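For the record, the sequence lines run as chains B and E. Here the first sequence stands for residues 1 to 172, where the numbers follow my numbering. Here the second sequence stands for residues 1 to 575, where the numbers follow my numbering.
Honestly, the hints are just simulated from the structure, not real lab data. Since we're looking at a predicted model, the values are computed, not measured.
Ranges of calculated distance between the beta carbons of each label pair, as one might list FRET restraints:
hint : chain 1 : residue 1 : chain 2 : residue 2 : range
1    : B       : GLN56     : E       : LYS273    : 54 to 62 Å
2    : B       : THR107    : E       : LEU567    : 16 to 24 Å
3    : B       : GLU149    : E       : THR301    : 28 to 36 Å
4    : E       : GLY520    : B       : LEU12     : 33 to 41 Å
5    : E       : ARG570    : B       : LEU12     : 39 to 47 Å
6    : B       : LYS172    : E       : ASP136    : 44 to 52 Å
7    : E       : ILE120    : B       : GLU5      : 39 to 47 Å
8    : B       : GLY105    : E       : HIS66     : 33 to 41 Å
9    : B       : ARG109    : E       : LEU567    : 19 to 27 Å
No residue lacks a Cβ here, since even glycine has one placed at the ideal position from N, Cα and C.
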Amino acid sequence: MLAPEKIWWKPLGRMEKTWLTVAFVWCVFLTVMMPLWYFLGKQNVPTETYRVTREQFAAQVNAFVEEYKIGEENGIPVVAPPPGGDAYLRASTWQWYPILQLEKGQTYRLHISSMDLQHGFSLQPVNINLQIIPGYDYVATIVPTSTGEFTIVCNEFCNLGHHTMVGKVIVK
Amino acid sequence: MTALAPTTPWTAGAKDDYRVCGVTTLKVDMHAERLIIANAVMAVVCLLLGGIAALLIALTRWQAIHLLDAKWFYSLLTIHGIDMLVAWIVFFEMAGLHFGSTALLNARHAAPKLAWFGFILMVIGGLMVNFVVLFDTNSIVTFTAYVPLKAHPLFYLSYILFAVGALITVITFFINIVVAKREKRFEGSLPLAVFGLMTAAILAVYTLLQGAIAIVPAFFWSLGWIANYDPGIYRNFFWGFGHPAQQVNLAAMVAIWYMLAQMTTGIRPVNEKFSRLAFILYLFFINLGSAHHLLVDPGLTFAWKAVNTSYAMYLAVLGSMMHAFSIPAAIEIALRVKGYNKGLFGWLRNAPWGEPGFGGLFMSMMIFGWIGGVTGVTIGTEQINMLAHNTLRLPGHFHATVVGGTTTAFMAFTYYVIPLIFRKELKLKSWAKWQPYVFGGGTVLVSLGMITSGLQGVSRRNWDITFAGVVPGTVDLTLAIFGIGALIAVTGGIMYLTVVLVSVFTGPRLEAGQLLLVGGKENPLLESTKLTDEQMEHPKNQPKGTLVLVFAFLAWFAIYYLSNWWLLGRTWYIR
Chain B
1 MLAPEKIWWK PLGRMEKTWL TVAFVWCVFL TVMMPLWYFL GKQNVPTETY RVTREQFAAQ
61 VNAFVEEYKI GEENGIPVVA PPPGGDAYLR ASTWQWYPIL QLEKGQTYRL HISSMDLQHG
121 FSLQPVNINL QIIPGYDYVA TIVPTSTGEF TIVCNEFCNL GHHTMVGKVI VK
Chain E
1 MTALAPTTPW TAGAKDDYRV CGVTTLKVDM HAERLIIANA VMAVVCLLLG GIAALLIALT
61 RWQAIHLLDA KWFYSLLTIH GIDMLVAWIV FFEMAGLHFG STALLNARHA APKLAWFGFI
121 LMVIGGLMVN FVVLFDTNSI VTFTAYVPLK AHPLFYLSYI LFAVGALITV ITFFINIVVA
181 KREKRFEGSL PLAVFGLMTA AILAVYTLLQ GAIAIVPAFF WSLGWIANYD PGIYRNFFWG
241 FGHPAQQVNL AAMVAIWYML AQMTTGIRPV NEKFSRLAFI LYLFFINLGS AHHLLVDPGL
301 TFAWKAVNTS YAMYLAVLGS MMHAFSIPAA IEIALRVKGY NKGLFGWLRN APWGEPGFGG
361 LFMSMMIFGW IGGVTGVTIG TEQINMLAHN TLRLPGHFHA TVVGGTTTAF MAFTYYVIPL
421 IFRKELKLKS WAKWQPYVFG GGTVLVSLGM ITSGLQGVSR RNWDITFAGV VPGTVDLTLA
481 IFGIGALIAV TGGIMYLTVV LVSVFTGPRL EAGQLLLVGG KENPLLESTK LTDEQMEHPK
541 NQPKGTLVLV FAFLAWFAIY YLSNWWLLGR TWYIR
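I would like the entire structure built from these sequences, with the hints used as guidance.
Below, the structure is given as structure tokens:
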């Protein structure tokens with residue numbers, strides 16, 4: 001709380017030096033982990049993005065549903081995209097459309113965009129979370145590694161009905 | 001030391017009335033004193049409003065109770081965020097800036113009128129936003145107010161008024177420092193605590209300008225003057241304001257840590273260069289942290305995210321780790337000099353645990369570092385963020401930093417502001433003694449409950465998650481831990497408000513004569529000036545215990561961080 005003496009520029013003591021070095025080495029390790037995982041890890045944040053208008057994306061979703069629809073649940077189509085191909089998911093207040101049926105171990109290019117507000121793509125219980133923003137076609141290349149029924153929750157506040165926005169992914 | 005020496009008389013002709021503080025022997029400008037009091041009072045009012053909201057929303061997310069309906073929950077969630085994260089903390093920081101740039105420098109307030117103007121803008125903005133959110137359903141947009149979710153124009157206007165008011169106050173801080181230097185109120189460098197506040201103030205300017213870039217177009221857009229406002233760009237600028245705003249809190253909190261350590265244990269900084277360097281690292285690297293909110297956004301490259309995530313090699317984290325060593329080390333040396341020299345931790349056992357300033361400092365440092373810092377760095381890692389983005393882990397992290405860390409420290413500091421600035425005797429001292437432990441303990445449970453819920457996929461900003469059977473049943477347990485923690489923390493908050501109100505309204509008017517509130521008549525501030533270089537450097541007084549503590553911290557950091565990579569490795573492949 002008091003002004004220091006005029007000359008306070010003293011060399012660091014042994015303990016300060018030790019801790020500074022160790023802490024810095026840890027910080028370098030933290031930094032290196034990310035590029036390391038980028039090249040070696042199998043879970044990385046998707047970066048493929050395209051500008052898209054709401055109308056364009058809605059048309060793509062409709063064409064996709066028409067081509068690969070295999071059934072319906074509570075009025076929402078269940079769609080099975082071809083392994084290795086494109087899949088589409090549309091977010092709007094308060095619905096994920098359509099229901100996707102995928103195969104374990106296969107790769108899919110999953111396009112996600114929003115028709116209106118910002119939404120949060122949260123796939124549970126595998127716990128993958130992405131931010132979905134209108135005007136951006138976000139492409140995630142995914143490989144489901146487990147089978148069962150998975151839920152997509154919206155985890156970005158999108159008005160009062162936000163918590164009712166729940167979708168589904170089935171993996172066979 | 002130099003600041004305690006008699007200083008030159010106050011500028012002739014200036015009509016400043018001042019008093020001499022009985023504890024520090026420093027002069028306190030009455031203009032500054034009134035500004036400090038006004039800002040502190042508004043801070044406490046906002047804390048009360050935000051606290052009521054906190055209780056109600058915690059009782060709603062606690063699944064067994066689920067008190068409010070969705071509309072009220074989201075509305076109070078919006079208000080809670082704004083009143084706590086912005087209003088309470090910023091008003092308190094403004095009081096701190098007035099205090100730091102006048103009382104601590106033995107200087108006068110050079111621009112009181114400007115400061116009052118800033119204060120009034122902040123009050124209007126702060127109160128207006130509460131009314132807008134409460135009475136306009138469309139303005140329930142949460143703290144982030146993400147475009148294209150549109151609120152009433154007055155919502156954005158109140159943000160702008162508050163920010164402009166804060167910016168004006170920060171400018172008066174710089175004016176005061178320049179004038180104090182010119183009038184030779186202090187010699188040489190700024191005291192370390194003021195240096196820390198200076199760091200906070202510089203960060204605040206950058207932060208508030210970013211806020212203007214984000215919110216002013218949103219205001220025009222809400223009025224219909226701009227047709228399109230790209231939500232991706234809004235996010236970028238909003239977080240250029242939102243995250244650095246928390247770094248302002250960080251710098252201000254660390255400055256208060258140094259003050260609390262000095263006021264309760266009479267420390268001398270171990271090495272001024274070391275501590276100042278740590279603040280400078282904040283200044284240069286912490287702003288990159290704003291990108292943490294955009295890690296799973298579309299449209300940004302890996303390189304951009306990795307560079308920003310790492311704060312350019314985690315240099316800002318390094319700053320925090322340096323403070324994490326230097327503050328306990330200084331405390332250890334000061335206590336060892338007093339003769340508490342037994343073993344590694346004899347000094348810690350004999351620390352003034354009953355002094356609210358020390359209890360608050362301890363809780364604040366532990367919660368901030370061990371829970372807040374470690375979880376923050378982890379969820380701020382580019383790939384790991386996919387597991388955590390918008391889950392309850394995020395509020396779990398920032399309740400540890402901003403509530404357990406900043407708020408606990410600010411509360412503890414208030415107890416000293418009451419005798420020193422309000423000049424009232426602190427009442428209910430035993431309550432004040434326990435308050436940091438109750439409040440801090442509750443916050444620990446809140447954070448842990450939220451973090452463990454988030455790990456199981458519970459999303460934040462969500463009224464109810466369990467109905468769809470999305471999350472495992474164990475969530476009920478972790479949300480209950482969160483709820484019980486919230487009740488304890490709110491109890492601590494009520495204790496704080498009671499002590500403050502009772503002291504201010506019924507405490508006898510008294511010129512403070514000592515610094516320790518509970519522990520007797522010592523004045524650690526004066527003791528600290530008597531610590532000699534020989535005592536500081538004596539082999540018997542070296543901070544060996546602190547070194548053990550920081551290495552234990554590092555081990556915990558590594559375990560938590562690496563186990564998150566392990567968790568990430570078990571989820572679906574994604575690229």
